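With these hints in hand, go ahead and build the complete structure from the sequences.
Heads up: the sequence lines are chains B and H, in that order. Residues are numbered in our numbering as their position in the first sequence, beginning at 1, plus a constant of 322. Residues are numbered in our numbering as their position in the second sequence, beginning at 1, plus a constant of 623.
Hints may be right or wrong, so weigh each one.
To be verified - Sample of chain B residues facing chain H (criterion: CB under 8 Å; computed from the structure):
#1 L444
#2 L447
#3 E477
#4 L480
It is worth saying that the hints were derived from the structure and are not from the lab. Keep in mind the model is a prediction, meaning the values are calculated, not measured. C-beta atoms are modelled at their ideal positions from N, C-alpha and C, and glycine is treated no differently.
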Amino acid sequence: MTVREGLLALLHEGPRHGYQLKTEFEAATGGVWPLNVGQVYTTLDRLERDGLVRITGAGESSAQKVYEITREGTDELGAWWEAVPAEDPPPRDELMLKVLMAIEHGHQHGLRVVTRQRTELLALLQRKRRERTAAGDTGGLAAELVTEALMARAEADLRWLDRCEAVLVEQQSNRTKGSK
Amino acid sequence: MGYPAVQFSRVVKAYGEGETEVRALDGVDLTIPTGELVAVMGPSGCGKSTLLHLAGGLEHPTAGAVAVNGRDLSALDAARRAALRRDEVGFVFQRLNLIASLTAVENVALPLELGGMSAKEARPLAVEALASVGLSQQLDRFPDHFSGGQQQRIAIARAVVGGRGLLLADEPTGSLDSRTADEMVELLASLPSRFGATVVLVTHEPRFASWADRVVFMRDGQVVDQTRTTPPDEPVVAPADELVP
Ligand SMILES: Nc1ncnc2c1ncn2[C@@H]1O[C@H](COP(=O)(O)OP(=O)(O)O)[C@@H](O)[C@H]1O
Ligand SMILES: [Mg+2]
Numbered sequence: 323m324t325v326r327e328g329l330l331a332l333l334h335e336g337p338r339h340g341y342q343l344k345t346e347f348e349a350a351t352g353g354v355w356p357l358n359v360g361q362v363y364t365t366l367d368r369l370e371r372d373g374l375v376r377i378t379g380a381g382e383s384s385a386q387k388v389y390e391i392t393r394e395g396t397d398e399l400g401a402w403w404e405a406v407p408a409e410d411p412p413p414r415d416e417l418m419l420k421v422l423m424a425i426e427h428g429h430q431h432g433l434r435v436v437t438r439q440r441t442e443l444l445a446l447l448q449r450k451r452r453e454r455t456a457a458g459d460t461g462g463l464a465a466e467l468v469t470e471a472l473m474a475r476a477e478a479d480l481r482w483l484d485r486c487e488a489v490l491v492e493q494q495s496n497r498t499k500g501s502k
Numbered sequence: 624m625g626y627p628a629v630q631f632s633r634v635v636k637a638y639g640e641g642e643t644e645v646r647a648l649d650g651v652d653l654t655i656p657t658g659e660l661v662a663v664m665g666p667s668g669c670g671k672s673t674l675l676h677l678a679g680g681l682e683h684p685t686a687g688a689v690a691v692n693g694r695d696l697s698a699l700d701a702a703r704r705a706a707l708r709r710d711e712v713g714f715v716f717q718r719l720n721l722i723a724s725l726t727a728v729e730n731v732a733l734p735l736e737l738g739g740m741s742a743k744e745a746r747p748l749a750v751e752a753l754a755s756v757g758l759s760q761q762l763d764r765f766p767d768h769f770s771g772g773q774q775q776r777i778a779i780a781r782a783v784v785g786g787r788g789l790l791l792a793d794e795p796t797g798s799l800d801s802r803t804a805d806e807m808v809e810l811l812a813s814l815p816s817r818f819g820a821t822v823v824l825v826t827h828e829p830r831f832a833s834w835a836d837r838v839v840f841m842r843d844g845q846v847v848d849q850t851r852t853t854p855p856d857e858p859v860v861a862p863a864d865e866l867v868p
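Okay, structure coming up:
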């Protein structure tokens, strides 16, 4: 998602002021994507230039302008909802690259880095769990689902690190057996 | 107070001899502070169950020392060790925790009666322990009347009844569906703050381990790392020198 797509999605629900868009954008994304007002107006200018939104009930200052989505804007938004993230994203994942580079330095180093990464990820899960317990039900649905997403990703990464550990340990014990 | 609930010092546990010797624990140093929930993770066969058995005095170290509440288990005679196991330690296993021919409340009262209490004295304490895990109905039914999750709750009640402060749980969620397992871990996680209990939880699931104050990772009979307990917003900094090859 880009800011552009996010604003179109919000405008699809009805005309809005720039500042209102900023607030709603941040709330909808559970606080993980803060925007400044300037960014919102720049994006709205481009959307207007491209004919995807238009100004209704214009006032003197930009703060008073109300924006609404056009037919073309609705089409573009529809295409975005339909689009599926590329099926085969390039596997350029920071954690994976770090572990691969570590193994390049030798099994022992690989195992140490795997172990450390796993500990830090689990510590992250602990922090998220505590934050969520502390927030109770007050954080709202978006915030809760953001935490769920972070936790699900951390869990997936942890499973992968467990696999790395198992493979490294197995290779190592095969080597020691082979050298006997 | 003052002593950790469990202290392992250079503990080795070997099974078999010579060629066939297996070191289930191979030099474990570990402190489990009183009133914490500590999760133990690691691949199958790395020594997690052995660690719990030694912490609860069910087995003895080949070398090194295990202390519970400040008392070195190998310095106690058999009778004192049995008393400590009965009065201070509770176990919860993956399944087969309850005696089928005893009712829920009788199962929970059993450790108290084995300790010399009369059935009449033990019953109210058992009822109270069951209430503390959320069970207050049909306590005179037999275990097979209850769901898997309820049976594990009864097992937890039996492990903490009479104010026993150390609960050792070996993959207690293994046979439960995920929602029931979540509830069970939440219950275990509440024991330290509600009763000052210390809980050691062996689990494969990161989401369960995330409830813990501290997570210990094992591999090949050794503790390879643990998460530190830090305030939520304090960044955890890894010692960089260890990671530079
Ligand atoms: N009573 C026993 N006799 C012989 N070997 C054992 C015994 N108990 C455990 N082991 C061995 O010790 C190692 C650790 O076992 P265990 O503590 O059960 O691991 P985990 O609970 O992490 O799966 C394994 O290699 C296991 O086969
Ligand atoms: Mg085990």
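Against chain H, run the beta carbon of B/L444 and see if the smallest gap drops under 8 Å. holds (5 Å)
Less than 8 Å between beta-carbons is the criterion; does B/L447 satisfy it with respect to chain H? holds (4 Å)
Against chain H, with CB atoms and a cut of 8 Å, does the hint on B/E477 hold up? With Cβ-Cβ at 5 Å, under 8 Å, it holds.
Go through the hint on B/L480 and say holds or violated, using the shortest Cβ distance to chain H against 8 Å. holds (5 Å)
The structure agrees with every numbered hint stated previously.
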